[in-house]
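Engineer: Counting with this note's numbering, you get residues 1 to 666 for the letters of the sequence shown.
To be clear, the hints were calculated from the coordinates, so they are not data collected in a lab.
Every clue listed holds true.
Here are the computed distance ranges between Cβ atoms for each label pair:
#: 1; residue 1: 379; residue 2: 642; range: 27 to 33 Å
#: 2; residue 1: 551; residue 2: 43; range: 21 to 27 Å
#: 3; residue 1: 665; residue 2: 485; range: 19 to 25 Å
#: 4; residue 1: 316; residue 2: 633; range: 44 to 50 Å
Listed below are the simulated BS3-like cross-link pairs for lysine-lysine, each with C-alpha atoms no more than 25 Å apart in a straight line:
#: 5; residue 1: 299; residue 2: 621
#: 6; residue 1: 623; residue 2: 648
#: 7; residue 1: 648; residue 2: 621
#: 8; residue 1: 623; residue 2: 299
All residues carry an ideal CB built from backbone N, CA and C; glycine is no exception.
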Amino acid sequence: MNNAPTRGLLFDAGDLPRIRGNLRSPRFSSLWREMSTMDQATEWDPAAETRFLEKEVRYTSHNHHMVRARAVLERTSFDYLMHGDPGQLALARLALRRLCDFPKWDLFLEGGRSVVGLQRAPEAAIAVACALDWLGEALTPEEITRAEQSLADKGAAACHTTLYGMKFPDRVQGWTIDPEEEYAFRFDLGRWPVILNSTNLKTVPIAGLGLAACWLYGRHPQAASWLALARSSARAFVEMFHPDGSYDEGPMYWSYTASHLAVFAEVLYRTLGVDDRSLINYPGTIRYALAMSLPSAGKPVAPPAAQRRACVPYAVLEPAHDIVNFGDSGLNLDTTLAAWVARVHHDPLAQHVAQHTGLIKSHWGAIWYDPAIPATAPGADQLDRRLDNDWVVTRSGWTAGDGVLAFRSGGPCNHEHADRNSLIFKAHGERLLHDPLRAGYSWKLERWKLRQTGAHTSVLVDGQGHQYHDGREGTNASWAWARIINWQTGPDWALVTSDATEAYALVQSDIAQVRRTALFLKPDVLVLLDQVRLAGPARPVQLRYQVFNDDGLGGVQSGDQAFRITRPRATLAVIVRATGALTVRTGQLDLPADEGVFPYAEVESASATEHEVLTVATAQKTKGEHGRLLALREGAGWRIQGAHNGRKYDVRLAPDANGLPVPVAK
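Between the sequences and the hints, there should be enough to build the whole structure, so can you do that?
Structural biologist: Structure representation (structure tokens):
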């Protein structure tokens, strides 16, 4: 290995003026809130944190109390280096001491003895390594010795157990949740070494082990072997990113995953001169994040009190930073990584994302951001994206008022929902066709129902969705596949057809076809064509259209072959037609009232063996008038005619030689 170019893990003393300048920028105004302990809705209170650390910590609460202690250490050690406040130093030293007091740094065990570090141990290892770097001589020799011993024995050792088990699952003696742990939920961990090997929960121990190894390299007898395992695990994991940089677990877990890989790569390069900073397509992965942005209008939306518990995401939704939330994609786009990609890969589009898209949720963003790097706004090539994982996002632009259609095709993944062929539609600042937020992570919670097909803007066959698991192993992948079979774009329009037959046939074996075609006529007209064919007995088919109502301001009214979805800033007027009889009604998901009200419109195509349902939707600002579009059966296809918002439409959606619906302008 080359000699280290610098000892600082992530920056040198010469970088401090730039970082301090970043922290004064409005772009980083949310950073300190994001670095607060457990609740972003609560202001940072050093006195309360001191009281917690001195009198309230329970060492059997890793998912709450250890997380809180680690967060205090991370914030205060960074704050002290930036501003020199002795009060922050005192609190950092207390947090470091308390973190080292934890007998175990995670809540999982192998063989009932060895700690398995999945999140808490690696996160603590990263925080302790950085605190040692940033506090430096402000710590006593005794504090440093104890912290480094904990870093090795409780952090690195636990991360090594995890990564070794993922590499050699046949040698694992069995992972379980520590019986002393206070965590309220239990899962079957029997297959976790295999399941988690392809998820975000591999990259966090990679980073934890890697930073511990880099900090202790040459001073601990196992540091070299730790580093070798961290690097080999990182190289093995990169296959989880698609060639274009897209990532199946969605944008929240993308940020968590890619940022931890980048932190390890950066520290490795700075301390040991080893360059692993291009293991994945980092510029491409920033373009993936950009595609997943869904900026909307409105005030922040806090979750109901019933949701503030483990196994339910409880962050405040900020519509200006909203995301395409397929699966457990979270709330609010985190673009911390963009600043690093802009610097390391000389990427002006990444610099634009760092400046304008999403939120900077981590201090890493302030460390990496360099305002001197030139920025370039996204071009037309980013408006219509079919990602390598068969997710489609097509848009008219990048503002809150622009129209966006996001379509979920593709295969299974960790943190998925039963959502094949479902979609999200946003226009005029509002989510008008919705994908549920804050689904439960435990099958024992009522909000687990938000993971089911019926909670999405999707198709049910005789009331049943496609295949999904029962949750006893966690939020792992199902067997459900959908595949895009047609993707076309043109001036101001995009069309996608996805076949989800395989996923639905896993539940009802006589299903011969489930296809959905979406035609987006930008910026605010959406046409859907759903085609279902059964090889067995005739049955009805239902189409559901979900309403965003987390703030209590969404509504839906049904009419004769029509319905209307209302939001404060926009409405969606919908007509439906079918080859058979149909019924339009409204309903709401079966959840307790304290979890919220989840309304939807439902269109039922009467019992038959072949179903074809056309949906034509126009979006309009609340004070505006909807145009009038007609939908007529014409031969084997459909014709949509009329005008809306000053645009005339005359489009025929007709089968091509392969039977796929394609648009033909009249």
